[in-house]
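Listed in order, the protein sequences are those of chains A and B. Residue numbering for the first sequence follows my numbering, starting at 303 and increasing by one per position. Residue numbering for the second sequence follows my numbering, starting at 303 and increasing by one per position.
Hint data in this document are derived by calculation from the structure and do not stem from the laboratory. Some hints here could point you the wrong way.
Repeated chains share a single entry, so a pair holds when one copy, or any two copies, can fit it.
[As the list claims (entries may be wrong)] Dumping the calculated DSSO-like pairs for lysine-lysine here, alpha-carbon to alpha-carbon at most 30 Å:
no.: 1; residue 1: K345; residue 2: K659
no.: 2; residue 1: K412; residue 2: K530
no.: 3; residue 1: K345; residue 2: K406
no.: 4; residue 1: K406; residue 2: K530
no.: 5; residue 1: K551; residue 2: K561
no.: 6; residue 1: K345; residue 2: K614
no.: 7; residue 1: K611; residue 2: K590
no.: 8; residue 1: K611; residue 2: K345
no.: 9; residue 1: K657; residue 2: K345
Listed below are the residues making up each chain.
There are 2 protein chains.
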Amino acid sequence: MRVANFNGGPGALPLEVLEEAARDMLDWRGSGMSVMENSHRGKEVIAMMAEAEADLKALLGLDEEWAVIFCQGGASLQFAMIALNFAGPGGHCDYINTGLWATKAYKEAKICGAKPRLAASSEDDDFTYIPEVFDFDPEAKYVYLTANNTVRGTQWSTFPKAPAPLIADMSSEFLSRSIDLSRFALIYAGAQKNVGPAGLTVVALRREMADRARLDVPNMLSYPVYIKHQSMYNTPPVWSVYVAGLTCKWIRNTIGGLKAMTELNQAKAETLYRAIDDSGGFYRGTAKSSSRSLMNVTFRLPRVELNDKFKKESAGTGLVGLGGHRSVGGLRASLYNAVTLADVQTLVEFMAEFKRKNG
Amino acid sequence: MRVANFNGGPGALPLEVLEEAARDMLDWRGSGMSVMENSHRGKEVIAMMAEAEADLKALLGLDEEWAVIFCQGGASLQFAMIALNFAGPGGHCDYINTGLWATKAYKEAKICGAKPRLAASSEDDDFTYIPEVFDFDPEAKYVYLTANNTVRGTQWSTFPKAPAPLIADMSSEFLSRSIDLSRFALIYAGAQKNVGPAGLTVVALRREMADRARLDVPNMLSYPVYIKHQSMYNTPPVWSVYVAGLTCKWIRNTIGGLKAMTELNQAKAETLYRAIDDSGGFYRGTAKSSSRSLMNVTFRLPRVELNDKFKKESAGTGLVGLGGHRSVGGLRASLYNAVTLADVQTLVEFMAEFKRKNG
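Excised from the complex, chain A in its bound form (with noise of 0.2 Å):
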């Protein structure tokens, strides 16, 4: 039986993406192959790439300035690629640190040689908040950001405008909201949230961008080597971009786009924040109200042992995945594109009848 998945990632996907992915497994599109053995030079794989590559695009409104290619690592891999071609050692770049994941790519920056610096953080107040007041590096090659946290519950409403190219890690949000891109130069996200299966790193770059970028850099470290091999320099992650590829035909074609994944996302995240604020105080939501996310849903019980008991008992039903991340505790609810309404009504149905027997 099915469970409903609020997974911090790797997360949900979509029913229909399962099952067309089983159905092809021993013989894709007609190879008589499935489309892990195929070869990445065959005009198949590099049809499925060219497609995936398009419809991401077209989902997130590129235009032809941009790149998209596909890499690996996750976002940790991100973190050093991006000091790497875009600082290098001893250049500046400015960082907003907006929790774990910003801590990281700062750090990695800094193993890397590069000079980053803090342009504003929001770990005064335990990264509840999403900052709104920047002291820019006037030098700085780049402004770096993490669009959504993932383990505070927090994400940005409005980007801010930076004198640099500005660079953000999508990865906990991506696909999941209409997002006007004019500010950005870089996104990335790792696919392991709204899109695919742990493996794949989708980044969507502009090519002015990337002619910006250090040549001295490892062939799998660079963009431009990417961009130049249509993310095939070497073999690609085949099967994770065939599952990513699935599910931007499954938003497009099932959800309707993404306007109607943003309004799907917006009521499942209204429902759940409902259900807290309406609690009376029994479930307490972490992150400040305005920066609240509509990706993860933090919130904790009155009493700590509590959170342990409605870990248990919400998995005991078929909701798995509520606990907090593990560096901060709590509760958290991941409402990635694949997590259906129906799925937070039966949480919220949950959480009711767990206050009433606990309250």
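Using the hints provided, position chain B relative to the given structure of chain A.
What follows is chain B alone, placed relative to chain A:
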């Protein structure tokens, strides 16, 4: 209908593995989710990855002195990781050049600031043989070789005794034959030939080798970081490890272990080489006999235009992937683990018929 898949990689996967993966798709191990939707921090995925690691170590005959880790980025990222971890800026290192992949590894070491040197090369005869004389640099931090050359169809039978830790790219022969690994310090393999989907690189290294690694490299490129975090510094490519784990069990349970796998692969290669050698010169093997690969059988036809005809007609009868590597042309049959003896026999019959019509 399933085809006989002679692709050079990504290549064939065992039918039983694909069937199990399809069956598991909506509900893996009773979790109510695909393995892709499970949290990598959950006990089920942790157990699955530990099993895959243990099965790999058992198949390879590795003891506690070795660690097995799961990376991403294919061989091409290993080229950089090896140079960054074990040579570093100005560090000496020896490369044995047996073709395209060794050449790329050598060049990547240069990009990483190391001082690679060629200890031997078979470039003088178009990489058609494995060198037997070496000029090792006493200052080298390691000696690097490619165990099997997919492009030219050559393979080492006896590995050299090197004065420095021996590192091997085993991508296209991994788990295809029993090898005495006592001479090696690190071996690695892109999974997409014999073990699983593209997007996973399996690395086995001695712990004492990891202790020699430089500590100034980015986290996602640091072998000690992978070991310390059991390949979970960040989200690992769960699906790919899962499929690789299924393939290991298939080698053990269906084939009967690595010794039986070796014998089967020898029988497959002998069948095909015999057909080539007994064709009265119609089919000509391109590698020197003593250096022939069990995995990639490269051959040519008497007239260039026949190669295309062969490829087209063989594909028409369900024998796919028989074109040579795009850098050298000709023909190539890759006989990875999941290619059956029956597949090879069908190919040999096709070759006899093709010769009869075109000889």
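Hint by hint, here is what the structure shows:
no.: 1; hint: K345 - K659; in the structure: between (59 Å within a copy, 29 Å between copies)
no.: 2; hint: K412 - K530; in the structure: both (28 Å within a copy, 21 Å between copies)
no.: 3; hint: K345 - K406; in the structure: between (39 Å within a copy, 25 Å between copies)
no.: 4; hint: K406 - K530; in the structure: both (29 Å within a copy, 17 Å between copies)
no.: 5; hint: K551 - K561; in the structure: within (14 Å within a copy, 45 Å between copies)
no.: 6; hint: K345 - K614; in the structure: between (49 Å within a copy, 14 Å between copies)
no.: 7; hint: K611 - K590; in the structure: within (25 Å within a copy, 68 Å between copies)
no.: 8; hint: K611 - K345; in the structure: between (53 Å within a copy, 18 Å between copies)
no.: 9; hint: K657 - K345; in the structure: between (57 Å within a copy, 28 Å between copies)
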